[in-house]
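Residue numbers (numbering that gives the first Met the number 0), protein chains in the order written: chain Y, 0 to 136; chain G, 0 to 492.
In short, the hints are calculated from the structure, not lab data. One or more hints might be untrue.
As the list claims (entries may be wrong) - For the chain Y half of the interface with chain G, some residues (derived, Cβ under 8 Å), not all of them:
| no. | residue |
| --- | --- |
| 1 | 16 |
| 2 | 32 |
| 3 | 36 |
| 4 | 118 |
| 5 | 119 |
Claimed, not checked - Pairs of lysine to any residue, SDA-like flavour, derived with a Cα cap of 25 Å:
| no. | chain 1 | residue 1 | chain 2 | residue 2 |
| --- | --- | --- | --- | --- |
| 6 | G | 396 | G | 368 |
| 7 | Y | 20 | G | 368 |
| 8 | Y | 20 | G | 293 |
| 9 | Y | 96 | G | 297 |
| 10 | Y | 20 | G | 269 |
| 11 | Y | 20 | G | 314 |
| 12 | Y | 20 | G | 297 |
| 13 | Y | 96 | G | 276 |
| 14 | Y | 20 | G | 289 |
| 15 | Y | 20 | G | 270 |
| 16 | Y | 96 | G | 279 |
| 17 | Y | 20 | G | 321 |
| 18 | G | 304 | Y | 25 |
| 19 | Y | 20 | G | 290 |
| 20 | Y | 96 | G | 289 |
| 21 | G | 304 | Y | 21 |
| 22 | G | 263 | Y | 20 |
| 23 | G | 304 | Y | 113 |
| 24 | Y | 96 | G | 283 |
| 25 | G | 304 | Y | 17 |
| 26 | Y | 20 | G | 299 |
| 27 | Y | 96 | G | 314 |
| 28 | Y | 96 | G | 285 |
| 29 | Y | 20 | G | 276 |
| 30 | Y | 20 | G | 282 |
| 31 | Y | 96 | G | 270 |
| 32 | Y | 20 | G | 37 |
Note that the structure is predicted; figures quoted are calculated from it, not measured. Glycine included, C-beta positions come from ideal geometry on N, C-alpha and C.
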Amino acid sequence: MRNGKPVLLVEDDIVDQMTVKRAFRELRVTNPLLTAENGEDALEQLAGTRELPCMILLDVNMPLMNGLELLRALKEDERLRQIPVVMLTTSRDERDKLASFASSVAGYMIKPVDYSQFVELMRTVALYWTLSEPAAA
Amino acid sequence: MAGVGSWEWEVKTGAMRWSEQMCCMLGVATSAKASFEALLAFAHPDDQARVRAQLEQSVAENRAYSAEFRIVRGDGAEISVSAYPELMEDTGGHQRRVTGVLHDVTGRAEAAERLRVSEERFQMVARATRDVIWDVQLRGAVNDVADDPRRIGDLVGGAEFWISDSIRGFGYDVAGVTLAWLLERVHPSDREVVVYAIHHALAGTGTSWSVEYRFRRADGSYADIFDRAHMLRDAKGAVVGAIGSMQDVSARKEAERRQESSLKELEEANRQLAEFAYVVSHDLKAPLRGISSLADWIVRDSGDKLDDEGREQLGLLLVRVRRMNDLVEGILQYSRVGRANEERSSVALAELVPQIVDLIGAPSHVTVEIEGALPVVVAPRTQIAQVFQNLVGNAVKFCDPSCGRVVVACSERGDRWQFEIKDNGRGIEERHFERIFQLFQTLGSRDKNGSTGIGLTIVKKIVESTGGRVWLESRIGEGSRFFFTLPKTSENP
């Protein structure tokens, strides 16, 4: 992604975290990958940093504060609402999808079970955010 | 045939003449000699004195009269007649002649008797049935009222009304029941419908009429009534009355309401299932994805360090992960579709069941045996797979912990196949036989045995929707035998 800013991954499953890290490495995405284990953790990290991430990859099903709750909190925050959020989830549930788009999500991706398919998915996401103008320089 | 006979009697001469029909009525030959005494002789012995006295009195008082009496015919048969003698004066003023007509009224008396019997029978019926029988005779200008439903009250007020004893069933006394009283006890919300139905009957031409309404019992509760009537119309087609019956259909209505609420409960259960499946899809698929990724990476990163056996095993692992994922998706789909619309196809169980056994991957101390041949059934494939997966899976999970033995078998039972999955586990108490098929019901701790309480519920749903039945036989210490049937034909149940 073009500006080299970090990407924040909010994900509680360690293997899923590893999957994204590995895919980034494989795709030669150089942006640093920060991880938060749940919504609350993510909000804390975002509150304590000067450099906001250029994108947030967000799982839906997490303990303490789930993805949808975090998404709503982000969109209500003047400072954070500009960050594009891409849901990265297992949930095919229509309600989750509708709720996400109702909260201005930038994308909704279903995690494939197969790792190589996951890499392809990440390739597309990374390519899109390389072509797309970032919200802030 | 007998009907009407006439006769003529000259009081002075005593001469008597009677018609041929008279002879017929009396049952004597036309040649028989007619005389007053002869005629009187035909009267029933018990009636003779009365008849003679009445006739003599009328001659003496010079006035017409009528009498009814019995006649014993020449052939011995008894008939009832009515006589209408007329006295005629000659010009001299006192020479008299009596002419008379004799009516055979035997039929009339019989009809009256028949009516009495019929009335008695009707009373019996009215008493025997729990329906409330009613009868209304209208008076007044029906046509006027028919034009204006609001004036039905006028009509009702002037009606002659009868109701059967069965009204007591609603806690009321028969005395004082009028049509207006009855209408007052119709539920206020239904009164308009009833009035409209009456109006409709008055304005229309039909003879059958029915309406449903709630009727207030004496204790204030309401009964559901199905009221059916036959309209009586005059020659011009105007309603002159009606006879009907109020049938108490409360029990049926209540059953309908109960059925409706069961349906709601069923829908609620389906909704719960869908909800559960949604959660399960997350909780099962996330670790599956992890296993899949890790296995994939081991092959990629350390493939060269593994021998052929190791690589093959990892390959098998990945295949199972994918299959498992499919099953989870299947559960999801099943719960989403709810009514299970998966198409039926020929399923060779001899191939499918070993695959499922393989997928379950029983631990080494458990043997799973397929006894005899398994048939080809026409059924929804993934659903049938799920049935075996759940039943065999349970058997493997709950069989003897040191030396488990699971047997899958099939036998032919008329137009259906009967399958059996037998384990040598600790068994299930009979009081739990129903519970275990209920949604989210488990017999042990979920943490301990990893049960979700959904497996057997799905089995039951699938088997029953396919037209089969599922049940179990079990005793503590003797293991469990789960049975289910599937129809041999592909026809819908």
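Status of the hints after comparison with the structure:
1. 16: violated (10 Å)
2. 32: Since chain G brings no Cβ nearer than about 16 Å to residue 32 (chain Y), farther than 8 Å, the hint is violated.
3. 36: With Cβ-Cβ at 14 Å, over 8 Å, it is violated.
4. 118: violated (10 Å)
5. 119: Since the shortest Cβ distance to chain G is 14 Å, the answer is violated.
6. G:396 / G:368: holds (15 Å)
7. Y:20 / G:368: violated (45 Å)
8. Y:20 / G:293: holds (13 Å)
9. Y:96 / G:297: Violated, at about 34 Å.
10. Y:20 / G:269: Outside the cut-off at roughly 40 Å; violated.
11. Y:20 / G:314: holds (24 Å)
12. Y:20 / G:297: Holds, because 16 Å separates the two Cα atoms, which is no more than 25 Å.
13. Y:96 / G:276: holds (17 Å)
14. Y:20 / G:289: holds (14 Å)
15. Y:20 / G:270: violated (38 Å)
16. Y:96 / G:279: Holds. Residue 96 (chain Y) to residue 279 (chain G) sits at ~18 Å (cutoff 25 Å).
17. Y:20 / G:321: holds (23 Å)
18. G:304 / Y:25: Status holds; Cα separation ~21 Å.
19. Y:20 / G:290: holds (16 Å)
20. Y:96 / G:289: holds (23 Å)
21. G:304 / Y:21: holds (20 Å)
22. G:263 / Y:20: Judged against 25 Å, a Cα distance of about 48 Å means the pair is violated.
23. G:304 / Y:113: holds (23 Å)
24. Y:96 / G:283: Judged against 25 Å, a Cα distance of about 20 Å means the pair holds.
25. G:304 / Y:17: holds (22 Å)
26. Y:20 / G:299: holds (16 Å)
27. Y:96 / G:314: violated (34 Å)
28. Y:96 / G:285: holds (18 Å)
29. Y:20 / G:276: It is violated: about 30 Å lies between the C-alpha atoms, which goes past 25 Å.
30. Y:20 / G:282: holds (22 Å)
31. Y:96 / G:270: Between residue 96 (chain Y) and residue 270 (chain G) the Cα gap is close to 19 Å, so the pair holds against 25 Å.
32. Y:20 / G:37: violated (135 Å)
Checked against the numbered hints listed earlier, the structure breaks hints 1, 2, 3, 4, 5, 7, 9, 10, 15, 22, 27, 29 and 32; every other hint is satisfied.
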